[in-house]
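Protein chains: 2
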Amino acid sequence: MNRFRVSVHIVPRKGLLDPQGKAVSDALHALGFADVEDTRIGRYIVLDVRAESAAAAEISAQAMCDKLLANPVTEDYQIASTVTV
Amino acid sequence: MNRFRVSVHIVPRKGLLDPQGKAVSDALHALGFADVEDTRIGRYIVLDVRAESAAAAEISAQAMCDKLLANPVTEDYQIASTVTV
Chain A
1 MNRFRVSVHI VPRKGLLDPQ GKAVSDALHA LGFADVEDTR IGRYIVLDVR
51 AESAAAAEIS AQAMCDKLLA NPVTEDYQIA STVTV
Chain C
1 MNRFRVSVHI VPRKGLLDPQ GKAVSDALHA LGFADVEDTR IGRYIVLDVR
51 AESAAAAEIS AQAMCDKLLA NPVTEDYQIA STVTV
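Sequence lines, in order, name chains A and C. Residues in the first sequence are numbered from 1 upward in steps of one, following our numbering. Residues in the second sequence are numbered from 1 upward in steps of one, following our numbering.
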C-alpha cells in the first residue's frame, strides 16, 4: 500500500448565496480593497490516505466527500490534486 | 482593467494542532474509512479581482491574506491559481 495526499476543494454550489463570502467581500472593501468584485469561501481538505494506487485513493476520497465531507444539497466538491507522499 | 480569479489555500501551520482535522479523521474512521492516516482542514478562498495584470492581482490577494484572510500566527497561505475571467 502506498500513501497518497489527496487535496479536495469544497465550495458553495454556484448560484447559492454565500453569506460568508459576502461578509468577507464587505470587510475587504472596508479595508480599502475596492477592486474585489466577488469572494467565495470554501474548504480545502488534505487527506493522507493509504491506497493501492492514486486512482483508488481518489475514489476513496470521493466516497468520503459523498458520505461526510461535503453537503450534497449545498456544496460541490472537486479533487484538486493527488500526490504520493 | 481585467478581471482575474485568484484562488487561495489557507491551512493550519505545519506542526500546529488541527482539532477540526482530527475530528474529521476520527469521524472517517468511524464510518469505515480505516485507510485515512491524517486530515488537515483549511479554507479555499476564490477572489474575483479587477487588476492590470495577473501579477498585480496576486500581489493584491497576498495583501488581503496578510491583512484579513489568514491568521498570521497560526495559518499559512498560498496562491493556488490565477486565471482570467
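Possibly wrong hints are sitting among the right ones.
[What the hints assert, rightly or not] Examples of chain C residues toward chain A, derived with CB under 7 Å: (1) LEU16; (2) LEU17; (3) THR39; (4) LEU47; (5) ASP48; (6) CYS65; (7) LYS67.
[As the list claims (entries may be wrong)] Keeping only pairs whose Cα atoms sit at most 27 Å apart, straight-line, the calculated DSSO-like set for lysine-lysine is: (8) A:LYS14 with A:LYS67; (9) C:LYS14 with A:LYS14; (10) A:LYS67 with C:LYS67; (11) C:LYS67 with C:LYS14.
Keep in mind the hints are simulated off the structure, nothing from the lab. Even glycine gets a Cβ: it sits at the ideal position worked out from N, Cα and C.
Discussion item. A closest beta-carbon separation below 7 Å is what the hint needs, so does C:LEU16 meet it against chain A?
Written reply: violated, 14 Å
Worksheet item: Regarding the pair A:LYS14 and A:LYS67, is the alpha-carbon distance no greater than 27 Å?
Response: holds, 21 Å
Discussion item. Given the hinted pair C:LYS14 and A:LYS14, is their Cα-Cα distance within 27 Å?
Written reply: violated, 31 Å
Worksheet item: Close enough to count: is the Cβ of C:LEU17 nearer than 7 Å to one in chain A?
Response: violated, 15 Å
Worksheet item: Holds or violated: A:LYS67 with C:LYS67, Cα cutoff 27 Å?
Response: violated, 36 Å
Worksheet item: Measuring from the C-beta of C:THR39 to each C-beta in chain A, is the shortest one below 7 Å?
Response: holds, 6 Å
Discussion item. Checking one constraint from the list: CA of C:LYS67 to CA of C:LYS14, max 27 Å. Satisfied?
Written reply: holds, 21 Å
Practice prompt. Could you check if C:CYS65 really has its C-beta closer than 7 Å to a C-beta on chain A?
Written response: Since the shortest Cβ distance to chain A is 11 Å, the answer is violated.
Item to complete: Let me know if the C-beta of C:LYS67 comes in closer than 7 Å to any C-beta of chain A, holds or violated.
Response: The hint holds - C:LYS67 has a Cβ within 7 Å of chain A, the shortest such distance being about 6 Å.
Practice prompt. Against chain A, run the beta carbon of C:ASP48 and see if the smallest gap drops under 7 Å.
Written response: The hint holds - C:ASP48 has a Cβ within 7 Å of chain A, the shortest such distance being about 4 Å.
Fill in: Restraint check, 7 Å cut-off on beta carbons, for C:LEU47 near chain A
holds, 6 Å
Of the numbered hints stated above, those contradicted by the structure are hints 1, 2, 6, 9 and 10, listed in ascending order.
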